[in-house]
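These protein sequence lines map, in sequence, to chains R and B.
Residue numbering for the first sequence follows the numbering used here, starting at 89 and increasing by one per position.
Residue numbering for the second sequence follows the numbering used here, starting at 191 and increasing by one per position.
For the record, the hints were derived by calculation from the structure and aren't laboratory data.
Misleading hints may appear alongside valid ones.
[What the hints assert, rightly or not] Under the rule of at most 30 Å between Cα atoms (straight-line distance), these lysine-lysine pairs were calculated in the DSSO-like manner: (1) B:K219 to R:K377; (2) R:K108 to R:K337; (3) R:K369 to B:K219; (4) R:K377 to R:K310; (5) B:K219 to R:K322; (6) B:K219 to R:K310; (7) R:K374 to B:K247; (8) R:K108 to B:K219; (9) R:K108 to B:K475; (10) R:K337 to R:K268; (11) R:K337 to B:K219; (12) B:K247 to R:K268; (13) R:K374 to R:K322; (14) R:K337 to R:K310.
All figures in this text were calculated on a predicted structure; none of them were measured in a lab.
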Amino acid sequence: MMRAASFQRELITPEGIDLKLVLGDAGERVAGFFLDLLVILGILVGLTLLLVVFGWATSFQAPGAMAVIWLLGFFLLRNFYFMAFELTPRATTPGKRMTGLRVAMRDGSPLTANAIFARNAMRELEIFLPLSFLARNGTVIDAWIGVVGLVWCGTFMFFPLFNRDRLRVGDLVGSTWVVKAPRRVLDAEVGQEKSNDLRAGPAPARAAIAFTDAALDAYGIKELNILENVLRRKDEATMRAVAQRIRAKIGFPDSLPDAEFLNAYYFALRGRLESRLLFGKRRNDKYEKV
Amino acid sequence: MLSLSKHDDANANLNPNRSMNEDRPLTLKSQRFRAEREADWRRLESLLADLEAGHRKRLSDDDVIALPVLYRATLSSLSVARAISLDRNLVDYLESLCTRAYFFVYGARVTLGERLANFFLRDWPRAVRNLWRETLVSAGLMALGTVMSLVLVLRASTWFAVFIPSWLNGGRSPNTPTADLARTLAGSHDGNGLSLFADFLFTHNAQIALTAFALGFIFCLPTGFLMLTNGRMAGAFLALFISRGLGVPFGGWMLIHGVTELFAVTLAGAAGFRIGWGIAFPGRKSRLAAATDAGREAATVMAGVVIMLAVAGLLEGFGRQLIALTAARYAIAAFTALVWGVYFYRPNFHRSGK
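Whenever a hint applies, use it, and build me the whole structure from the sequences.
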């Protein structure tokens, strides 16, 4: 992972393997929260419309019952929307899921209902209290109290920006954190995207090209990964540019089509780097000594 | 476990005897590694997709048995892949798949029913008992507020407006005639709109309780203030009705639900205090660990508080409006006090055994 190591956290499974969790960053979390707010707002609007239609159909015979349903719906959404979703096995709300995040206990243990309750009850302090200061109206003094209150609440709103683990006040109290849990797809092996059978790849061209040791020592793992990305994305212009650069660097004649050349070079380079890796020699990028 | 040996044995792939396959398209060891295991990963992925979406019934017995085996095999693949493969897409995929599987395999194993049973039979009463000090402080502050405003309003009725904002007094103020005041205490038998009233009271009170809890984080002070305020409001009303000789009926009117509601708000305050105190004075623990411990206990109490407030809302909206007899109101108040008292603070004879 090329991500800054400062966001990577160790989580060692009982089997002894580090899963290398990566914390969700502030931008993703804010985006997730706003998406959730949109969902809540959408449900609320839907509920209101439904009640209006229902009321219109019954010519508003039972305004009390409608108000009960609306008030209760609002209360449940405000306080239990986040909890209900985080209690499911996915441990994530729709907004968080869209931004590829999930909630986890900081010590890697199973997520408890308590922790989820604590982390979400604290939203009262982080979001709704500032909002209530914002909605204050009245005399000049009241307005100033509102401003001071808002500044003071900012401490809690922006709490995640001031600690290493990006913990919200709720995370602190619930002993949780929010980690990245992107849904990744396993693509086919590079250069074999078309056929389903892995063993029927377009082999002949590749076997024919021989690169010199010097040509294969030109790059390291970082460059290999970039080349992998280029090959998977299959953008003509990019492939052209990359192929030109590599050819120039290793002094290879311009005899093969770009895709074929890059494929061949990719596997040759990967083979060489991997076999060196087996001997414990990891060459992270082209600047490291061979 | 025997089936695992194939996957665990990373060396099998590095075995020089296999190099006779070099002429095949899959020339790299990491490619052969992937080809041999990919089916298992895909199967784990589809099982997880079903489980996470809650389609537990879609899984056959074989699938359920295979899940932990597949998980360990994939975890082992990840470990090997990190060591031998430079295919970024593959390693990223395995990392994400293993993380998902880990959270599922080692996730909570109790069902919702067990969770609820544990909560009501064990966790909630125990958490409330453990918070007895904070509960006393919280109740003390509320009592202080009550007595303070009681004395002040009895002495000079102008204090009433200070403690009760005009939008909250519901037509009850020192200027209201005694007959009208007495009428507010009566029940209404038509039952119309009562459910709305109960609902409104529940959501309003639950919101206040949650705020009291969350505010505890700020070193207890706002929670303390909220408890005082709550007490002051009760005291001001009490003083108003006592001054008109309506003290006893008012007591019944208020306590029928107030026992439950005030107790719930007291507990919410106590939960807030627990968190604030834990953060302000963590003792030997780190501040983070102290906050975590406090949070776990306080959250349990708070989940219960919401339930208590729902009960209080029902008692207030239905019980109080339908039962107008003061003696009956006191009886219900005493009964609820007994129930909550026994439920939370009964001597636990099994404690030493556990």
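Outcome of the hint check:
no., hint, result
1, B:K219 to R:K377, "24 Å, holds"
2, R:K108 to R:K337, "35 Å, violated"
3, R:K369 to B:K219, "16 Å, holds"
4, R:K377 to R:K310, "14 Å, holds"
5, B:K219 to R:K322, "25 Å, holds"
6, B:K219 to R:K310, "20 Å, holds"
7, R:K374 to B:K247, "52 Å, violated"
8, R:K108 to B:K219, "25 Å, holds"
9, R:K108 to B:K475, "27 Å, holds"
10, R:K337 to R:K268, "38 Å, violated"
11, R:K337 to B:K219, "27 Å, holds"
12, B:K247 to R:K268, "28 Å, holds"
13, R:K374 to R:K322, "23 Å, holds"
14, R:K337 to R:K310, "16 Å, holds"
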